[in-house]
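Novice: Whole structure, please, built from the sequences with the hints as guidance.
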Amino acid sequence: MTKENPNSPDLKSGKSSKDYSKYFDFSDAKVISEEDGKTTYRIKGRTVQINSNPDYKEGKRRGKQEIEVINFEDTDTHELMEQFRQMNLQRQHYYSIATYGCQMNEHDTETMKGLLEQMGYQSTEDRKEADIILLNTCAIRENAEDKVFGELGHLKVLKTEKPGLLLGVCGCMSQEESVVNRILQKHSFVDMIFGTHNLHRLPQLIQGALFSKELVVEVWSKEGDIIENLPKKREGMRAWVNIMYGCDKFCTYCIVPFTRGKERSRRPEDVIAEVRELARQGFKEITLLGQNVNAYGKDFTDIQYLFADLMDDIRKIDIPRVRFMTSHPRDFDDHLIEVLAKGGNLVEHIHLPVQSGSTEVLKRMSRKYTREHYLNLVSRIKAAIPNVVLTTDIIVGFPGETEEQFADTLSLVQEVGFDFAYSYIYSPREGTPAAVMEDNVPMEAKKERLQRLNETINQYSRKSNDGVQGQIVEVLVEGESKNNSNVLAGRTRSNKLVHFEGSSDLIGTFVKVEITDPMTWYIKGNIVPEAVMLA
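Numbering (my numbering), first residue to last: 1 to 535.
Possibly wrong hints are sitting among the right ones.
To be verified - Computed beta-carbon distance windows for the label pairs:
#1 147 / 443: 14 to 24 Å
#2 452 / 30: 47 to 57 Å
#3 83 / 147: 32 to 42 Å
#4 342 / 147: 36 to 46 Å
The set of hints was computed from the structure by calculation and includes no laboratory data. Where is the CB? At the ideal position from N, CA and C, for every residue including glycine.
Specialist: Here you go:
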């Protein structure tokens, strides 16, 4: 479900040019101790405590074991958090977190911030002031990994200047065996490596790294539990709400099922309680998150309660806007369409990744639907929600994609008329089936196809924006324009970006804007005074 900058090609394609095998050489590592399932090594002059290593085979396993719902703060955790609070009362310590990738990663960062601040740490934008720096990473594309390793190179200098600084790498990259071993061999100045299933263990991991002076590695590859009541630090007027974790689809290009575990849904009463609390706190918009959000509830064995049922219940909560992402076409049923058509706080924007317009390519991707299935679904959605705005994800240059198959993608974009699309050149991920497929599409062809795709998407984006010229739309004001402090930016219910002149005290409120000047990527307008609206 990663959403990064739109229309930015990942120029890494074909079989990976990196030789990861060299990172598995532990011939110079000395085992110091083995106790309670933990192994302590001496590697290149650094003591490394391996609590658990990532394991692709374990990550792929989908057993029948029951998902356990765990309350975060037990007695031991409470005492440890208090010890950190006392430490920070004696001298204030600071943290900084860099987040890469998708909304799920953003939400994980909110959780880590919440944990750190309950431990008494304070946030800082100045890395030289920070006592803890965490890189919350993304593993969807290879260029995302390159950014993180480049950042580690910069942080090595800071670590040399400030030896007491704790550096941690977490998130999806940490769930990859090759990444962990590369850090151990080439970036041993890192102090903590932990995965997506281990966020709630952050206090214990910091304790281990801080007081033992060891590099602590704890990456669970288990199927995953659900941790409730984790603290979160949310900022602004919008909030992310995880309703489920993991993915069982195993698309051939995707690493997420390995890094995020099996599909497991939060109990509806816990989700609804969280949304009600966010409404009470005054949040204007929530986004329900999941790697495959509309598979919600399919893992329940004691109740019949699916994503449509959850949306229907949340529709009755007094919060202005409710969104969700990311959905999978195979799990988008008529009951969900029926509920979304009720409107209210359920917005008319649906992100529906297609990935390719060719049935043959979709089969190689193991998407488990056809071009015809997708177009039929779109037709049913548009019939029920005439004002719906559809956006999507598209991969070009998948192994074996022919010019004719790419033409199928272009024709599907034209038939659906997407308002916007995240488009990428295929990037192989080690450990996925697609990474070993023969990639016979030249890079120049991939770049040229991406350009043609983006030109087509731009045409339909502009056409959609032209369609709202002269309309008065509701805009949630998010902040000031980066280029002009007199111009505010916000989004409509259909997720269109709107720029208009106004004062900063409007940030966080809803305003009415008359659209005067549609552009390709955003639309301009003038704020409509309330008196005019009442006339």
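Novice: Run every hint past the structure and note whether it holds.
Specialist: These are the hints, each one checked on the structure:
1. The hinted range of 14 to 24 Å is satisfied by residue 147 and residue 443, whose Cβ atoms lie roughly 20 Å apart.
2. Look at residue 452 against residue 30: about 56 Å separates their beta carbons, and that is inside 47 to 57 Å.
3. In this structure the hint that residue 83 and residue 147 lie 32 to 42 Å apart at CB holds, the actual value being about 35 Å.
4. Against the hinted window of 36 to 46 Å, the Cβ-Cβ separation of residue 342 and residue 147 comes to about 42 Å, which satisfies the hint.
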